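This is what each chain is made of:
Number of protein chains: 2
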Amino acid sequence: MTNKDARTPASTQNPTETSEATEAGKPIGWHKAYVEGSRPDLRVPVRQVHLTNGQSVTLYDTSGPYTDPLVDTDVRRGLAPLRENWIVARGDTEEYAGRPVRPEDDGIKHTSPRGGLRNLDAVFPGRPRLPRRGRAGMAVTQLAYARRGEITPEMEFVAIRENVSPEVVREEIAAGRAVLPANVNHPESEPMIIGKRFLVKVNANIGNSAVTSSIEEEVEKMTWATRWGADTVMDLSTGRNIHTTREWVLRNSPVPIGTVPLYQALEKVDGKAEELTWEIYKDTVVEQAEQGVDYMTVHAGVRLAHVPLTANRKTGIVSRGGSIMAAWCLAHHKESFLYEHFEELCEILAAYDVTYSLGDGLRPGSIADANDEAQFAELRTLGELNRIAKRHDVQTMIEGPGHVPMHKIKENIDLQQEICEEAPFYTLGPLTTDVAPAYDHITSGIGAAMIAWWGTAMLCYVTPKEHLGLPNRDDVKTGVITYKIAAHAADLAKGHPGAQEWDDALSDARFEFRWEDQFNLALDPDTARAFHDETLPAEPAKTAHFCSMCGPKFCSMKISQDIRREHGGNRTEIEEGMAQKSREFAAAGNRVYLPIAD
Amino acid sequence: MTNKDARTPASTQNPTETSEATEAGKPIGWHKAYVEGSRPDLRVPVRQVHLTNGQSVTLYDTSGPYTDPLVDTDVRRGLAPLRENWIVARGDTEEYAGRPVRPEDDGIKHTSPRGGLRNLDAVFPGRPRLPRRGRAGMAVTQLAYARRGEITPEMEFVAIRENVSPEVVREEIAAGRAVLPANVNHPESEPMIIGKRFLVKVNANIGNSAVTSSIEEEVEKMTWATRWGADTVMDLSTGRNIHTTREWVLRNSPVPIGTVPLYQALEKVDGKAEELTWEIYKDTVVEQAEQGVDYMTVHAGVRLAHVPLTANRKTGIVSRGGSIMAAWCLAHHKESFLYEHFEELCEILAAYDVTYSLGDGLRPGSIADANDEAQFAELRTLGELNRIAKRHDVQTMIEGPGHVPMHKIKENIDLQQEICEEAPFYTLGPLTTDVAPAYDHITSGIGAAMIAWWGTAMLCYVTPKEHLGLPNRDDVKTGVITYKIAAHAADLAKGHPGAQEWDDALSDARFEFRWEDQFNLALDPDTARAFHDETLPAEPAKTAHFCSMCGPKFCSMKISQDIRREHGGNRTEIEEGMAQKSREFAAAGNRVYLPIAD
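Chains as they are written, first to last, in full-length UniProt numbering: chain A, 1 to 598; chain B, 1 to 598.
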């Protein structure tokens with residue numbers, strides 16, 4: 001392992017280090033560093049892990065300014081708008097008054113028994129801002145720029161992050177094989193890319209519900225999720241204060257934020273699906289686009305004619321958005337208003353560079369319903385909508401299942417890639433069995449790793465609470481770590497350049513008994529260290545050439561090292577040296593273990 | 001879902017129920033039941049889950065008599081020898097004085113600084129027994145019987161467990177495609193089968209080490225592991241009291257027990273690999289065979305010529321047994337004594353029906369070393385040894401890796417099946433990445449599910465403590481549950497008859513909001529219930545038609561049900577009825593939610 005960075009081009013390999021990051025006062029063996037691009041205001045954050053052998057390993061970093069001790073963050077002020085100058089400099093957007101915020105935006109309506117005013121204390125106190133949008137119907141999307149051959153600072157930023165040339169980034173976006181979600185009203189976000197040519201990404205869902213949780217909790221969950229590696233966060237709030245919660249999350253988020261506008265629109269009509277209208281939905285999309293939502297799940301693929309296809313399913317429609325649209329279609333016996341107004345919706349999203357995440361409202365909710373007619377009928381519609389969105393220069397990704405047994409997973413990604421012209425696939429798992437509630441991060445992590453290996457670009461995490469309750473802080477961490485494992489396993493299987501250097505660094509540390517390095521290179525250093533110390537707490541154990549699993553006498557790695565030391569690791573030497581070795585070995589007292597062995 | 005049992009033939013479908021099993025006084029929604037075979041002393045245990053809709057689901061049960069309230073178990077007495085009559089009735093074995101137990105069997109030697117006598121208090125107090133073996137060199141193995149066309153009670157027992165005909169069991173064993181580990185000295189074990197035509201099995205490792213843990217703990221870990229679904233248990237003890245610990249474990253184990261005799265042999269020579277001899281090893285094998293060990297890992301594939309192939313590896317040799325044999329070969333510059341005496345070893349194993357688990361001493365210990373020359377050179381040797389074992393009527397399975405990235409997994413199972421003539425493959429994971437110590441149950445659960453789908457017959461579990469420390473009770477449970485998920489996901493992908501009925505039953509319960517049924521059908525009912533109650537503790541929530549994830553207004557399943565109720569679930573009716581539906585819907589106040597919705 002060298003300290004050459006696996007994630008960034010050698011040319012730009014000069015991370016400027018910050019002073020040592022510490023946790024509870026203890027040095028934690030890594031620094032937040034930055035790789036500078038072609039301009040001083042283009043600095044790509046990396047996690048620089050310092051090994052006890054003097055080498056270092058540079059890892060992709062999603063944690064934002066929160067892990068930089070030189071940056072003073074304050075959730076009441078929000079993050080610095082690092083992309084603002086880039087956006088303004090393009091000169092194709094303008095600020096405008098924007099849509100006034102109304103009580104119902106936070107789910108407060110006179111019709112509600114709770115009634116009352118909007119909770120003003122909760123209003124985000126940060127710097128006042130005006131929303132921004134493309135001038136006179138201009139598409140200000142990364143897709144439009146890429147098609148014109150422009151390499152934006154955002155594209156250069158992700159090129160450095162992904163260790164590819166900016167031109168590759170531009171090509172993949174222009175071809176619709178990748179998206180760079182970056183609403184002009186979310187300048188705080190650090191650019192990232194979602195596409196099969198790049199590192200597999202992980203999304204973490206947060207969001208309060210009618211039943212529980214607060215604004216503070218959601219902001220905390222967002223920073224917590226990105227600290228462990230979430231590449232994007234979806235705010236799926238459905239309770240009150242939706243608008244305000246989202247404002248706090250956006251102003252403090254270093255990663256793109258996704259939403260499902262339909263949830264908030266439904267709140268605005270007291271949860272009565274049949275009272276939804278295109279006008280209410282459109283107003284909600286504009287509201288969220290002005291706040292800076294980077295991508296929106298739109299269930300425009302659930303058409304009236306698809307609903308009957310779910311009639312004989314074991315678990316019907318399990319997507320919230322899908323079931324709401326199905327109920328609307330049946331209530332009015334009309335075609336979906338999302339499908340009918342899709343072109344108009346494209347124009348709105350293009351003006352803010354909001355990326356489509358075309359929702360799979362008819363995804364299977366059980367092993368029994370996997371890959372059925374309803375699911376694939378909707379997928380064909382999504383393919384049609386994908387083409388329309390591209391005509392409007394709107395970046396688009398496609399959502400996927402769900403619950404799918406292993407032998408039916410590949411068909412999903414293959415069909416999606418064919419029907420949607422290689423648009424990025426964004427899947428929820430899939431869960432490979434239904435029998436393990438409380439362990440669905442694992443039932444789905446299996447499917448996620450496989451489908452990502454076969455080409456899925458982003459994985460939506462599943463926590464241990466799936467099907468049972470709302471995830472707490474620990475569940476969010478477990479979900480993110482599990483999905484980072486699935487994503488990295490897929491990067492390895494895809495042979496992503498540099499991906500294996502991380503595994504190699506950790507395996508070298510393991511073979512050389514550099515325990516601290518193993519901990520610091522681990523996806524979760526805290527838990528790795530805690531587990532080791534549970535059995536061997538003493539500090540000497542951190543340098544011992546064995547662990548509690550086998551004890552000193554049985555450490556295979558120790559024995560391997562002894563064998564290797566005798567031969568300098570060169571095979572021919574070994575062959576020649578073997579007879580010699582057996583004599584030396586006897587001379588050395590025939591000991592293959594350390595003195596501490598007994 | 002009907003109450004027809006997925007796991008047993010309809011003909012034998014009359015489980016006799018015991019009185020209700022309870023936990024902490026609370027009914028836990030399932031009973032221990034038995035399916036009787038062709039004779040009264042052939043009773044196959046099953047887990048009968050009782051649903052609130054009056055139906056029941058019957059699941060495979062590995063927990064032994066401990067979960068039968070009608071059986072009074074006592075670890076100091078041991079389990080009833082259910083197979084004893086079957087073994088005696090065959091008339092091809094005889095009791096004999098057996099080998100005297102010596103202090104060094106428990107790792108106590110005058111050379112040891114600790115010295116001291118064998119801990120007599122620890123000696124197993126159960127009924128005195130003489131060891132049994134085949135008469136005058138007779139092979140008393142299930143393989144020998146199967147080849148002769150005999151269907152033993154053990155074969156009928158597993159046929160009922162696996163829902164196949166006894167003849168299929170006999171054929172698979174006779175062909176060497178499956179093993180039924182059943183030492184004549186372990187009559188307490190409930191017969192089970194390992195082969196790709198059958199349910200994928202899971203092994204849990206236990207065992208004290210020089211560093212920690214006691215006899216009591218190991219027995220407790222064994223019963224705990226089988227309670228959660230472990231199909232076999234390997235006792236990998238390496239510290240003191242090895243012999244005595246194994247005796248307690250065997251006398252109390254309802255599942256086959258595996259060991260690695262080399263570990264105990266090494267203890268007998270003070271941990272000096274070069275002092276190992278064929279005589280010491282052979283004596284240890286006989287000692288363990290007389291106790292009743294059902295299968296033994298033998299690293300006879302690690303040959304002198306293979307050691308140099310590991311010289312340039314990133315992590316050398318990571319198998320304890322492999323590294324010990326490599327050290328021995330180098331110390332003496334001689335061929336492995338296990339390889340040289342393999343035929344003699346076959347004769348010993350045949351006399352007790354001990355099954356070979358041919359160890360992969362050169363398995364890769366890191367992503368970098370996967371599928372290398374050393375690994376496959378050993379595999380070719382294992383293929384050769386497999387043929388020799390079969391000539392001696394010894395049942396044989398083959399051990400597999402290890403650390404393997406996803407794209408290299410299939411090559412492992414395909415090569416093993418080809419080289420070893422479809423002998424059962426028994427793999428450790430494989431781990432699909434090295435970067436997540438503390439989560440290796442997950443990094444390996446991904447690889448385990450895939451390789452099992454492709455034909456691996458048994459999976460050796462990995463716990464969260466892998467690479468870090470010794471697993472405790474919680475780690476054992478987490479490891480077993482994770483691997484039961486991988487095994488069942490593979491059963492589904494292989495289309496194992498009846499496997500999906502379990503998922504369907506749970507999905508039906510989910511769609512119908514039968515929360516108690518979801519918990520009771522779950523792999524881990526306790527945790528599923530606890531997670532649900534964390535957010536919605538109240539009893540009414542157990543019958544509520546929503547959960548805390550979406551809240552009442554957003555429950556997609558509820559909406560689906562409403563849609564379905566309107567149409568009776570028949571598609572044509574739905575198409576005809578749609579216009580009608582929208583009128584009814586309006587008439588019904590356009591409500592798709594329960595009154596509790598707001």
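Worth flagging that the hints you see were computed from the coordinates, not collected in a lab. Computed from a prediction, not measured in an experiment: that's the story for all the values here. Heads up, some of the hints might be wrong.
Remember, identical chains collapse to one label, so a pair may be satisfied in a single copy or spanning two.
[What the hints assert, rightly or not] Calculated cross-link-like contacts (lysine-lysine; reagent style BS3-like; alpha-carbon spacing at most 27 angstroms): (1) LYS408 with LYS494; (2) LYS282 with LYS408; (3) LYS334 with LYS494; (4) LYS314 with LYS494; (5) LYS272 with LYS408; (6) LYS410 with LYS494; (7) LYS410 with LYS334; (8) LYS390 with LYS314; (9) LYS334 with LYS408; (10) LYS410 with LYS272; (11) LYS272 with LYS494; (12) LYS314 with LYS282; (13) LYS390 with LYS408; (14) LYS282 with LYS272; (15) LYS282 with LYS494; (16) LYS410 with LYS282; (17) LYS334 with LYS282; (18) LYS272 with LYS390.
Cross-check of the supplied hints:
1. LYS408 with LYS494: both (20 angstroms within a copy, 11 angstroms between copies)
2. LYS282 with LYS408: For LYS282 and LYS408, neither the intra-copy (37 angstroms) nor the inter-copy (49 angstroms) Cα distance is at most 27 angstroms.
3. LYS334 with LYS494: neither (44 angstroms within a copy, 42 angstroms between copies)
4. LYS314 with LYS494: The answer is between: 21 angstroms across copies meets 27 angstroms, while 35 angstroms in one copy does not.
5. LYS272 with LYS408: Neither way: LYS272 and LYS408 sit 36 angstroms apart in one copy and 52 angstroms across, limit 27 angstroms.
6. LYS410 with LYS494: both (15 angstroms within a copy, 15 angstroms between copies)
7. LYS410 with LYS334: Answer is neither: 34 angstroms inside a copy and 49 angstroms across each miss the 27 angstroms cutoff.
8. LYS390 with LYS314: neither (35 angstroms within a copy, 47 angstroms between copies)
9. LYS334 with LYS408: neither (33 angstroms within a copy, 51 angstroms between copies)
10. LYS410 with LYS272: neither (38 angstroms within a copy, 51 angstroms between copies)
11. LYS272 with LYS494: neither (46 angstroms within a copy, 44 angstroms between copies)
12. LYS314 with LYS282: For LYS314 and LYS282, neither the intra-copy (33 angstroms) nor the inter-copy (57 angstroms) Cα distance is at most 27 angstroms.
13. LYS390 with LYS408: For LYS390 and LYS408, neither the intra-copy (29 angstroms) nor the inter-copy (37 angstroms) Cα distance is at most 27 angstroms.
14. LYS282 with LYS272: within (17 angstroms within a copy, 77 angstroms between copies)
15. LYS282 with LYS494: neither (40 angstroms within a copy, 47 angstroms between copies)
16. LYS410 with LYS282: Answer is neither: 36 angstroms inside a copy and 49 angstroms across each miss the 27 angstroms cutoff.
17. LYS334 with LYS282: within (18 angstroms within a copy, 80 angstroms between copies)
18. LYS272 with LYS390: neither (33 angstroms within a copy, 70 angstroms between copies)
Of the numbered hints listed earlier, those contradicted by the structure are 2, 3, 5, 7, 8, 9, 10, 11, 12, 13, 15, 16 and 18.
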